[in-house]
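*Asks:* Each chain, written out:
Number of protein chains: 2
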Amino acid sequence: MVAWKNLDTLDSYQALQETKGSVKLTEVMAGESGAERVRKYAVPMAGGLSYHYAAKKVDDVILEKLAALAKEAQLCEKFEELYNGAVINLTENRHVLHHLCRGQLGKQVMADGVDKREFYKGEQDKIAAFANKVHAGEITNEKGEKFNTVVQIGIGGSDLGPRAIYLALENWAATHNTLKMEAKFISNVDPDDPVGVLRGVDVEHALFIVVSKSGTTLETLTNESFVKDALEKAGLDVSKHMLAVTSETSPMAKNSGYLAAFFMDDYIGGRYSTASAVGGAVLSLAFGPEVFASFLDGMAAEDKLSAGDDPMKNPAMLDALISVYERNVLGYPVTALLPYSQALSRFPAHLQQASMESNGKSVNRFGESMNYVTGEVIFGEPGTNGQHSFYQLLHQGTDIIPLQFIGFRKSQNEKDVEVKGSTSQTKLNANVAAQMVAFACGKTDENPAKCFAGDRPSSIIIGDQLTPEACGALLAHYENKFMYQGFLWNVNSFDQEGVQLGKVLANRVLDHNTDGALKEFAALFGI
Amino acid sequence: MVAWKNLDTLDSYQALQETKGSVKLTEVMAGESGAERVRKYAVPMAGGLSYHYAAKKVDDVILEKLAALAKEAQLCEKFEELYNGAVINLTENRHVLHHLCRGQLGKQVMADGVDKREFYKGEQDKIAAFANKVHAGEITNEKGEKFNTVVQIGIGGSDLGPRAIYLALENWAATHNTLKMEAKFISNVDPDDPVGVLRGVDVEHALFIVVSKSGTTLETLTNESFVKDALEKAGLDVSKHMLAVTSETSPMAKNSGYLAAFFMDDYIGGRYSTASAVGGAVLSLAFGPEVFASFLDGMAAEDKLSAGDDPMKNPAMLDALISVYERNVLGYPVTALLPYSQALSRFPAHLQQASMESNGKSVNRFGESMNYVTGEVIFGEPGTNGQHSFYQLLHQGTDIIPLQFIGFRKSQNEKDVEVKGSTSQTKLNANVAAQMVAFACGKTDENPAKCFAGDRPSSIIIGDQLTPEACGALLAHYENKFMYQGFLWNVNSFDQEGVQLGKVLANRVLDHNTDGALKEFAALFGI
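Top line first, the protein sequences correspond to chains A and B. Under the numbering used here, the first residue of the first sequence carries the number 485, and numbering increases by one thereafter. Under the numbering used here, the first residue of the second sequence carries the number 485, and numbering increases by one thereafter.
Among the hints, erroneous ones may be present.
The list cannot tell twin chains apart, which means a pair is met if one copy fits it or any two copies do.
[As the list claims (entries may be wrong)] Computed cross-link-like contacts, SDA-like style, restricted to lysine to any residue with a CA-CA straight-line distance of at most 25 Å: (1) LYS899 <-> HIS660; (2) LYS610 <-> THR633; (3) LYS724 <-> ASP781; (4) LYS605 <-> LEU1008; (5) LYS562 <-> PRO932; (6) LYS904 <-> ASP713; (7) LYS934 <-> ASN577; (8) LYS1003 <-> SER517; (9) LYS668 <-> LEU651; (10) LYS555 <-> LYS712; (11) LYS504 <-> MET854; (12) LYS562 <-> GLU732; (13) LYS738 <-> VAL486; (14) LYS617 <-> ASP721; (15) LYS668 <-> ASP686; (16) LYS738 <-> GLU622; (17) LYS899 <-> VAL722; (18) LYS555 <-> ALA526.
What the hints contain is simulated information worked out from the structure, not anything from laboratory work.
Excised from the complex, chain A in its bound form:
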C-alpha cells in the first residue's frame, strides 16, 4: 500500500530546502560547464522526442535529492495503483482510467462489470468503422453526398484538447494527404460563437458531434440547439447530421436524434479525454482512424516511459519533480509554455486547463489544508511570436518565470524558403537555442537598460518532427507530469469542485432568485 503524505512531511523535501540558491545559471551555464550540462542533462522520450533540462536550476546534488523525493513520495507506486484501477479520485469515488484509452499499462481493470480497456478500445473501433464509412461515402447526407466538414460542439475538456490536437496535426495531415475533413469547433455559450462558426460551414455537408459526458452541459446543449436550428432552416434532417459522444447513462445515449453515439465514462476526466471518444470521433473523422491510432501509439509509448521508477529515465516524473522544486523551493508561481511550432498554437491553452484544473487546489486529497502552495499558473504562445511580445518581461521583468520550450528539427510540411543564407526552420530553431542561453546566462552592459540579469531557468522538449506519434507522446508527457505534481502536492488532481459555485449562482441569476451584490451585478446586464 502506498502512503499519501503531505509534501512538507517528507524528509527528502526538507533536504531540498537547503539547496535553494545553490545553482546559479549565469555560472554553471557559462563556458565548457554549460556545454557539458547540455550534453548530459537529457532524457529520451517516445515519438522521437527528448527532454533537456540543462538550463534548469539543478545539479547532480539536487537531482539526487529529487530522486530521493520521488522514492519517498512513492511516485512510481502511486501511478501503478492508478493504472491498475485503484479509486484515486477520492472525492468523487472514481477510478482514473484515461491511460486505458491508449494501452494496457498494468493489470486488467474491471468496472461496471466490464473490462475497461476493452470498452475504450471497442469505442475506438466503432469510431474507426464509422469514420471509414463516412470517408468512403457509405455514410452520406440525405442527397447521398459526402460530408466534408466535422464540427465539434463541446466545452472545456470536450473542446480544448481535441481542438489543440486538430490544429497540431492539420498541416501535417494536409501535407501527407490524410486530411479527410476540415474540423471546426463551437464551445462558448456566447451566441456569437455558434453564429460565427456556422457562417463558415456548409451545413448540408457537415457532421456535428455533440460532446458532453453527462449529457447535461448547458453550454453544449444550447449550442446544439443553435445547430439544429441552422440545419432545420436549411431544410435538412437533423438526425442525419448529428453524432453524440457521451456516457452510456446520459440522456444523450440511445437517443434517436443522433446518427450514431460513441461512449466514454466517469473514469475519464474531461481534461484527460482527448484519447477517448471525445477526441477520437472528431480526430478520426478529420484525419482518418490510422492517424488517430498513431497518435494513441505515441501516447502509449510515453505512458510506458512515465511508469518507470528511475526519475532520471522518466521524463514526466523528472519534469514534475523539477517544477515542484521551482514552485515550492525556489518560489516561482508561474510557468510559461513556449512551443516553437505554429501548429501547437493552442497546445498551451489545453495544458493550461490540464494543469490548473488538476492541481489548483487548497486542500489535500483528504480535505485537509496544507502549508505549501500547489498548482501553478500556466500560460504561453508560440515562438518566435512571443519573442516580439511578452518575452520582454520574461527577460527583464522583476519576477522570474520558469520556461518550458518545445521545438522540432523539421517543419511539418518540409517546404521552406532560404533568406539570408538560412531556411525559416533553421531561423526558428536558432532562435529557441538563443533564447535558452539568453535566459540562463544574461548579459552585462554599461547601459543598465540593456542589462540582462540571466539566471532564468528553462527546459526544452525537442523532436524530429511534429508527427501524430510525437504529438501523442508530447500530450501524454504533460498529462503524466501533472499527475506526478499532484502526487507530490498530495492533492486530488482528478476532481474540479471549484467550478461548482459559479454554476449554482448562475442558475440563481437565471431563476431571478438573487439578492445583494448578485442582484445588482445581474441588473447591470438587464437581467
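Add chain B to chain A, keeping to what the hints say.
*Replies:* Just chain B now, with coordinates in the frame of chain A:
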C-alpha cells in the same frame, strides 16, 4: 515640469501600505453592503462602456489614498507631457505619439519638420481612398477581378493588435454587411505558419500587406519571400498583390515592388500601433474605412476621459491605480483578463503583449534599479470557456489571481436561441455576474473540498454591444492603463531592450559563431 520619482519614494504610496488587508471581500461584498458597492463603485467610459470595481479590495479610505497617489505621482501631468510631445521614451530618445493617430488631445506636435497629427491623419486618408478603390473594383488583380482577401504579414505589434481587432469585429461586420474582405494573418518564422495560411488563400484574389516599421524584421521579410514565391508559382505579378506598411526611411518605402505603401514612424511603438497604418490598412480593407474611423473615434473618446485629473472619473487611471495597489501592496504577481465575448478571443493575447512588453522592466526610466516589483503577468481566455478550464485554480488554488472581466448586454449578431427559458446571451451574462460574486464571497461547506475561501478580487468593464466604437474605447482604456502603471512604477513603458539579446545570439547561431551551451543547443537541432 513633472518630477519622475520612484513609487516607493512617494508619501502617498507609503500611506497605502497601512491599508493592506483592511478590506475583506467576503465581508464588504455580502448583503446590502455588497449591493451598495456595486451601485456606487462604477465609472462611465466611452463607447457605451463602464468600469465597475465593487469587487476590488478597495473602500472609500483606500480610494482616497489612491487619489492622493495619483496626484503626488503627477499622473495627469505626465500624460499631458506625453500627448503634448515630450520625449517620454528616454532610452530611445523618442516622442510617444500613438494617441495622435486617433485625435489631437493637446497642443500641435511637430517632429521631423511636420505636424504629426496631420501626418497620421494623412496616412489614414490615403488608406481610406485606397481601400475604397479596392472595394469598388477600381484597383483589381491583373485580370481585372476584385480582391476578396487581405493577408497581413507582420509579427508582434504588427500582428497581435490588428488580429485581435479583426476577430473582435469580424462577426459584427458580417452582421452589419460591412465585411468587405476576409483577413488572414501570417506572423511566425515557423514555415508551417505561411504554408498553413496560404493553403486557405486564393492568392489570385488576395492582397498582402507587409508590415515592418524598420523594414528589416527578419520574420516578416522571410514570410514575404514565402508569399512572393506562392504568387510567382501562380504566375501572378507580385507587385500587383503586395502593399507595404513601414516608416518613410525604411528600405521598404518607395520600393516599386509594392502596389502602395503607407507610413508610420518611430514615435509609435509596435504594441501601440493598431490605430496607425499598421492596423489601419488591414482593418480598412477588411471592414471599410468608415468602420475603422468609428473604431478610432471610440479610442479618441476614451483618450479624452483618460486625460482627466480626477481618478474617480478616469477609468484608465483608476484601473492602473488599483492594479498597482494589487501588485505592490497586496503582492499579487498575475492578472487574468477574462472577456465574456468570443469575439475578444485574442484580445488577452494582445493585451498580454501591450502590458508585459511595456512594463516588464527592472530599471526605472533613468536606468536605476528599484526596490519594488513592476509589470505583472497577464493571461486570459474568453468566458464561459475558461470556467470549464483554469477557473478551478482561480477559485480554489493557493494563490490569489486578480481578475478583469469584460461583458456586453447584447451579442454582436443579436441572433439567439432560447433554451430552458433563457437566451444564450442571458446565460453568458448570468455566468459572469455569478463568477464575480463567487470569487468575492466564496462559500463555506462542511466538505472542505467544496469550500471556497472567496476574497478574490475582480473588476468588470460592461458595454452595451461590442461595436467598433466600443472596441476602440476598450483598447484605448488598456493602452492608457498600462501607460499609467508605467508612470507609477517610474519605468519607460515605450522601449523593449529585453528583446535584443535573443536576436544577437540567434544571429550568432545562424553565423555558426557559437561556443559552449549555445553551440550544444544549436547542435541538438542539427545547426
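*Asks:* Checking an output row: LYS605 and LEU1008, CA cutoff 25 Å. Within, between, both or neither?
*Replies:* Answer is neither: 50 Å inside a copy and 37 Å across each miss the 25 Å cutoff.
*Asks:* Can you give me the call for LYS934 and ASN577, within, between, both or neither, at a CA distance of at most 25 Å?
*Replies:* between (55 Å within a copy, 15 Å between copies)
*Asks:* With identical chains, the pair LYS899 and HIS660 could be close in the same copy or across copies; at 25 Å between alpha carbons, which is it: within, between, both, or neither?
*Replies:* Within one copy only: 13 Å inside a chain, 40 Å across chains, cut-off 25 Å.
*Asks:* Given identical chains, is LYS668 near ASP686, meaning Cα to Cα at most 25 Å, within a copy, between copies, both, or neither?
*Replies:* Intra 12 Å, inter 20 Å, cutoff 25 Å: intra and inter.
*Asks:* Please sort LYS724 with ASP781 into within, between, both or neither, judging by C-alpha distance up to 25 Å.
*Replies:* neither (32 Å within a copy, 48 Å between copies)
*Asks:* Pop the pair LYS562 and PRO932 into one bin, within, between, both or neither, using alpha-carbon distances up to 25 Å.
*Replies:* between (49 Å within a copy, 23 Å between copies)
*Asks:* For LYS555 and LYS712, with the copy left unspecified, which applies at a CA distance of at most 25 Å: within, between, both, or neither?
*Replies:* Neither. Shortest intra-copy (54 Å) and inter-copy (57 Å) distances fail the 25 Å Cα cut-off.
*Asks:* As a check of your reading, is LYS1003 near SER517 (CA-CA no more than 25 Å) within one copy, between copies, both or neither?
*Replies:* Classified as between; 12 Å across copies, 63 Å inside a copy.
*Asks:* 25 Å Cα cut-off: does LYS504 pair with MET854 within a copy, between copies, both or neither?
*Replies:* both (21 Å within a copy, 24 Å between copies)
*Asks:* Which holds for LYS610 with THR633 at a C-alpha limit of 25 Å: within a copy, between copies, both or neither?
*Replies:* Intra 20 Å, inter 41 Å, cutoff 25 Å: intra-copy only.
*Asks:* Which holds for LYS738 with GLU622 at a C-alpha limit of 25 Å: within a copy, between copies, both or neither?
*Replies:* within (22 Å within a copy, 58 Å between copies)
*Asks:* Under a CA distance limit of 25 Å, which applies to LYS904 and ASP713: within one copy, between copies, both, or neither?
*Replies:* Result: close only across copies, 15 Å inter versus 54 Å intra.
Of the numbered hints given earlier, the model fails hints 3, 4, 10, 12, 13; all others are met.
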